[in-house]
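From first to last, the protein sequence lines are chains A and B.
Sequential numbering of the first sequence, starting at 61, is according to my numbering.
Sequential numbering of the second sequence, starting at 61, is according to my numbering.
Quick caveat, the hints were computed from the structure, so don't treat them as lab data.
A hint or two may mislead.
The list treats identical chains as one, so a pair stands whether inside a single copy or across any two.
Below, computed lysine to aspartate or glutamate pairings styled on DMTMM-like, alpha-carbon distance capped at 20 angstroms [unchecked claim]:
id : residue 1 : residue 2
1  : LYS315    : ASP479
2  : LYS222    : ASP501
3  : LYS522    : ASP494
4  : LYS496    : ASP479
5  : LYS283    : GLU508
6  : LYS181    : ASP305
7  : LYS283    : ASP98
8  : LYS173    : ASP414
9  : LYS496    : ASP467
10 : LYS496    : ASP120
11 : LYS496    : GLU133
12 : LYS522    : ASP98
13 : LYS315    : ASP305
14 : LYS222    : GLU247
15 : LYS496    : ASP98
16 : LYS315    : ASP98
17 : LYS181    : ASP241
18 : LYS173    : GLU508
There are 2 protein chains.
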Amino acid sequence: MRLPVAAFLIAAVSLIPTQPPRRPASIILTGGVVVTMDAEGRVLNPGAVAIAGRDIVAVDTPEAIAAAYEGSETINVAGQVVMPGLINTHTHAPMVLYRGLADDLALMEWLQKYIFPAEAKTVTPEFVRAGTRLAALEMIESGTTSYADMYYFEEEIATVTKAAGLRGVLGQTIIQFPVADAKTPAEAIARAERFIRQWSGDELILPALAPHAMYTLDMATLKAVRAVADRHHAPVMIHLAETRDEVQTARQRHKTTPAQYLESIGFWGPRTLAAHGVWVTPAEIRMLARRHVSVSHNPESNMKLSSGTAPVLAMQRAGVVVGLGTDGAASNNDLDMFEAMRQTALLQKHASGDPRAMPARAALELATINGARALGLEREIGSLEPGKRADVITVSMATARQTPMYDPLSHLVYVTRGDDVQMTMVNGRVLMRDRKVAVLDRAAVIAEAHAMAAMVRQAVGKRP
Amino acid sequence: MRLPVAAFLIAAVSLIPTQPPRRPASIILTGGVVVTMDAEGRVLNPGAVAIAGRDIVAVDTPEAIAAAYEGSETINVAGQVVMPGLINTHTHAPMVLYRGLADDLALMEWLQKYIFPAEAKTVTPEFVRAGTRLAALEMIESGTTSYADMYYFEEEIATVTKAAGLRGVLGQTIIQFPVADAKTPAEAIARAERFIRQWSGDELILPALAPHAMYTLDMATLKAVRAVADRHHAPVMIHLAETRDEVQTARQRHKTTPAQYLESIGFWGPRTLAAHGVWVTPAEIRMLARRHVSVSHNPESNMKLSSGTAPVLAMQRAGVVVGLGTDGAASNNDLDMFEAMRQTALLQKHASGDPRAMPARAALELATINGARALGLEREIGSLEPGKRADVITVSMATARQTPMYDPLSHLVYVTRGDDVQMTMVNGRVLMRDRKVAVLDRAAVIAEAHAMAAMVRQAVGKRP
């Protein structure tokens, strides 16, 4: 029996379900293993992430995303992991220009014979810009999307960081002795306050104060820093209890421990991040938790300089937020956060005697959501969730050393390197794609670094 | 004044110095930083290496090599390091198929719930071939040219290793309980002896015996192994004092320590390599030195499984030859010897409290010339010297994380990964060039590994 054509058409049309129009997305990443790092620890395999402008708008199955979103661009990332960009909570970006300058030395010889003389003779705005460009290149190439920095001429670092499209919590260094960008701590504090005013409200740069450490600053300066921070609600970053020497200094000068000394002078306050925390006592850990002071753990630097093992597990149990850092490249010697994750897992297992300590997921948390918490940015970054900024990386899982794959989280921590990162995106902007960095002239950055290195060699009398 | 043409020609020809004819070379690598690892620790920057057939024939400046040798092929390796291929003194190659199968577990849970069941259900000649091919791919891609192995069906491993062009000291496992390739230790010893006869005299494969450990073998079997080894002058590899549990077992069963127990039964002999040696006492260290027993240090595995810190510096001071290993990928989780170098440097600095401990050069020695010594192959491999086999790798130094470069040795240990290796050559044969592996079908090897992984998942009840 033949139906009349019109009747057939009416029947056919009525079978099409009425679909709501698809919402627009700038980029859809689909088909990869999506490691969200959200509170439920969801891993979608396969999954998809829809991004609109600077924001993540949806994280779901490929089918659900395809049904709900129309992407200006849809990128198939099958065979890759899609995850939050990594957050480096402690570095000194321009020090990439000193990497490998002087290894395998006692700390004081390293500082006094190489690092301090090199810094005294070479740190200029130009040097800092060149170093930050090189560091930005390395971070983008290894999947770091946000970083916390403590150095000199931090306004130059801010300018370069913003141009490179990275997110930075950038702290102007305050230290007692004369340095390249300030003759006195008062001058340094004034610089820092100008820096904070200048960059306040920026979408990528969060300006901060970076008092160097309790042993390199007097009480008046430390108190003045806290006052400026409170006035501007600015983050504060400080080195804390990195070495046994620091603890001894605190004992000799103040008859107490470093963190307790800072407590006694009213230094601790909101948005404060302490780097290292290797030698904090149980009482200090409780105090840091009470004061909501976060800690940046730097396992590679701590091992390389024989500083010790930070009590990361004890700090976490006490409620201290712990993020992960690489420290400067002069003591690491790179900015690869995948290595930092692997090292924190290995070091905590080693130190605790328990191979279950710091499992892969916990190491990943340190480098993502806990890093965000440590910087006070957990509402913006640190996980793949709708409403957060699109700070996203994709990571290839195709190498021989990643074959086979039973567990993507294990692979991210134990066999992945920064070089496996394929795409790096911050605030919805693609900084690197298929390992091609879009925001920096790679050859020019490297040539500039070589020129700076020639100057460094001369400064420390090292033959080329 | 014009000279007659003939007179001019005679004058010109007489100015050409008489040069000896240049000797032939198959390959000349020129223009890179040549890190020889010879007894003088020479680094030629730039340097060149001439290779004729399977041998290195000269190591010198580019000019001297160009004057003395005519290469069938001359390869410009400017911007790269040329160095001896890395020597992995302890692994279980096919276990790459278990990498990441079960991390972050207590040792006994890991072994009994995952590794032993997986091995019982999946280890077949086919599995071992597939795993070894994947391991060979990974080793070639990361600059390992020689490796020492302990596993089952070692004859399959030998066949694949030789086909892939790698050098192997390959030990047939002997263990008390029934395993895939032998129902009894007697059967395993018979297999091992057949294996040794079969491969004796091979240019790449050195067949060996691999009694598993003192706690998994009875006295009669250990003595029988030594007798077979002595009869064939074959190398012997055994796990030694890896964990505290092993020490406790030795105490309970034999009222002594593992190495002393093996001494008391006459097990130690020539060409013997002990893996791990984490818990050896000072007296045992002296005994190992006296017996010329070498030790393979596996820092990543030791940290990941919370086994402890091997007393590498004390062993070296006592005259024990220490090589470096990755251990199997189930406990590492990869075969990257650059990571092993970095980890041994960091771990020894950390454990000793002295940042000068295990400097870059010492870590490099562990992975090259000392590895060769540990395997009894120091006359053939381990350094770039005329007369040795051409086991050579070239390593790129062009990444952002390797910029700038003040010291190539520092960079090799602290910022280089296996992925930076550009060329891998064994016995003068190029196995990889410009990161393209010539000796294995990469896609087929990886596809085969995926198929095996599906079987492993089923065996341990792990969802895909």
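Looking at the structure, which of the earlier hints fail to hold? 1, 3, 5, 6, 7, 9, 10, 12, 14, 15, 16, 18
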